[in-house]
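Student: If you read the sequences in order, they're chains A and B.
Our numbering puts the first sequence at residues -6 to 424.
Our numbering puts the second sequence at residues -6 to 424.
Keep in mind the hints are simulated off the structure, nothing from the lab.
Mixed in with the good hints there might be a few duds.
Claimed, not checked - For lysine to aspartate or glutamate, the following EDC-like pairs were computed, each having C-alpha atoms within a straight-line distance of at most 16 Å:
id	chain 1	residue 1	chain 2	residue 2
1	A	LYS369	A	ASP349
2	B	LYS64	A	ASP180
3	B	LYS64	A	ASP185
Protein chains: 2
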Amino acid sequence: MVDIPQHVVIVGGGFGGLYAARSLAHTSVHVTLIDRRNFHLFQPLLYQVATGALSPANIAAPLRSVLSRQKNVTVLLGEVKSINARGRRVVLADEEIGYDVLIVAAGVRHHYFGNDPWEQLAPGLKTIEDATDIRRRVLFAFERAEREHNPDERVKWLTFVVVGGGPTGVELAGALGEIAHYTLRNDFRNIDLMQTRVLLLEGTDRILPTYPPELSTKAKHDLERLGVTVQTGTIVTDIQPEYVTAKTADQVQHIDTHTILWGAGVQASPLGKALSEATSVPLDRAGRVIVEPDLTIPGHPEIFVIGDLANYSHQTSKPLPGVAQVAIQQGRYAAKLITARLKDSAAQFPPFHYNDLGNMATVGRASAVADLGRIKLSGFIGWLAWLFIHLISLVHHENRVLVMIQWAWSYFTRNRAARLITGAAADRPIS
Amino acid sequence: MVDIPQHVVIVGGGFGGLYAARSLAHTSVHVTLIDRRNFHLFQPLLYQVATGALSPANIAAPLRSVLSRQKNVTVLLGEVKSINARGRRVVLADEEIGYDVLIVAAGVRHHYFGNDPWEQLAPGLKTIEDATDIRRRVLFAFERAEREHNPDERVKWLTFVVVGGGPTGVELAGALGEIAHYTLRNDFRNIDLMQTRVLLLEGTDRILPTYPPELSTKAKHDLERLGVTVQTGTIVTDIQPEYVTAKTADQVQHIDTHTILWGAGVQASPLGKALSEATSVPLDRAGRVIVEPDLTIPGHPEIFVIGDLANYSHQTSKPLPGVAQVAIQQGRYAAKLITARLKDSAAQFPPFHYNDLGNMATVGRASAVADLGRIKLSGFIGWLAWLFIHLISLVHHENRVLVMIQWAWSYFTRNRAARLITGAAADRPIS
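Chain A extracted, bound-state conformation:
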């Protein structure tokens, strides 16, 4: 039996944490939401920032502003370092905050499979800074190619390698193909953009391996139409500043390039490990917390783990995927179970059940694949479905309208107005 909770602490303002906080409106608990950043990020559209179609503010909503009217929520900017499960306190660098119920929704980071030096050479796409860094690298490569007199070097600047054929890799590769062959077409004088090579390398035998095979085939076809070379069965074995080494079944491949993007792997936030040290909860190989059917951890009904950080294996044979819908539904579930405890009706509460609404990935301009269970969409219809579902999910109404207008404009003009080379490194003289 659990005491009536009064103070709920939520760590992480992503989809899981934010929806948990919102679902606790109109209850008697006080909620403290702690995040390292001051905004909620709509990660599914991050690749659009990386490729210059949208601005960071289009896909990020200040947490304070999203929650300003919900008076039972306090937002704190800070980083939780560890958890004192016995004393029921989260530990920040300069203070500790007590809780009655803790919801850990700290998400995942990139994972380079033990090859940490690769991180500097092949950035992944998880944060706003990742996105503007990728944008800078891609645009800078075309600028350097334009000024390059050595033809071999020029080819290296016009070669882009995307590692990993999951949704992020597919979306990045598609957008790169579109930029090279359409958006920038008239912008350069010395280089021929049709010589741009975009390579998508995937280790398994098809891209989008978690989707139905027919959608993988459609996505491959759409990418090829955008000038992307798709190589499956290809494992990257080394990444260096000016080349990538990859292994296929029968050969070793050496690819000269200055621009490598990482869409291959993620691992759990270090908070998973901290939680395991504090409570002995088991972790899976990716560092995710293995949770109970009610999303709590063994022996600690007051601690929930939700979203990408949670490994929930009670519904199907494999863990639920790390997508926004799982996090949202888990955040709502945790809030409902807490509310039931307030009313002393938690005993009959059913276990968490994920209602799969389907999966989607875009493939360049105006094409997408959508797996909605019995319905499988692709091409323009898939893209319209993708557009509709993503737009209605944007947290802020303002963003929704502005993003729609910006997109409509980008769509009809094939323009990407936000292609700015910015950041500390961009201000460094390049020549």
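Use these hints to put chain B onto chain A, whose structure you have.
Tutor: What follows is chain B alone, placed relative to chain A:
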């Protein structure tokens, strides 16, 4: 007599350089535009980015995209280090580029009057990175205040000092007053935002000293209505991480604060000095190049200096102000004179004459002062005039429409959606 020019090199893609390049369309010359950045920046709206109302991409247009249809222009991303005037070449780090005519439009930077360490403590507002840095500092100060238990420290986090009462300082101070007293009003739980202090310190006896006195008085009144404390006759004598020292006629003032913004002084780009070393052209005290009545420099009719980098004193007793209109008109003039040389009709060409269209500055939400010669506007009417003139001046039509929508939304909701704490420093844990 000058030879018929075939290749015009323009250094700098600000207002002067961009309008010169555009005005050379439909001529026989080839134009090379060199800039350190890949975009043209609409600097008059930079303070809107610094205060979270607009995104960087709203006020920046990729130079390649602006000039993509003008086939006689090549855009190069690079930094000109020096000028070989005898050999008629500009020198970049890795190559030299020859010219027949050179237009130097490299602009100005911040100036801390010999107190270089102040730059780290009190950032100015000239680049996109400056704007996002200021945005980060301001938003972060409110976040720290929310988490601060020591009341004295909290006051320091809620005190903002703006140094310099010119247009930039007035616009920043007004926007800060608005943010504290309106935008963020419902966002915090532990702090009372009405305790926020915004101080605007100006050395002379009135703010906006280059405007007519009645507009200075109106602007001061509008700022005070937004909760800004305006102190004239106040010279800053020291800036330290946690305080500012200022001197008035009869006392020395010590102001505790964590957030200091610089709107006080600018100096010429180092390219002015490089040009002077190459050609012996005289510079003024701010390092600006003193130009001839036709904007060229003595002994070098093939070198023009325009925009903020030029000191043009042939029209009135003092140099023309460093505003966009001067740069635009000078860029057009230089292009016309070059075109006249192509037609061998340059001998009768009149000297440059600045057509003063007026000056404007905004003071917080929906209020501005405009000095249009005989017509002087202030308050809401001034703001509408300001809005209209700035919107129609935005280089890209897309930006114009999107910025207008974003502004209309901000205006009616007093919201500032782009208030993101981003950048390398933002990703560093703060607690």
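Student: So, for every hint listed, does it hold in this structure?
Tutor: Right, here's what the structure says about each hint:
1. Restraint check: the Cα-Cα separation between LYS369 (chain A) and ASP349 (chain A) comes to about 14 Å, which is no more than 16 Å; the hinted pair holds.
2. Proximity of LYS64 (chain B) to ASP180 (chain A) is assessed by CA-CA distance (about 9 Å); at most 16 Å being required, the pair is judged to hold.
3. Straight-line distance between C-alpha atoms of LYS64 (chain B) and ASP185 (chain A) comes to about 15 Å, which keeps the hinted pair within the 16 Å bound.
Consistency note: the structure conflicts with none of the earlier hints.
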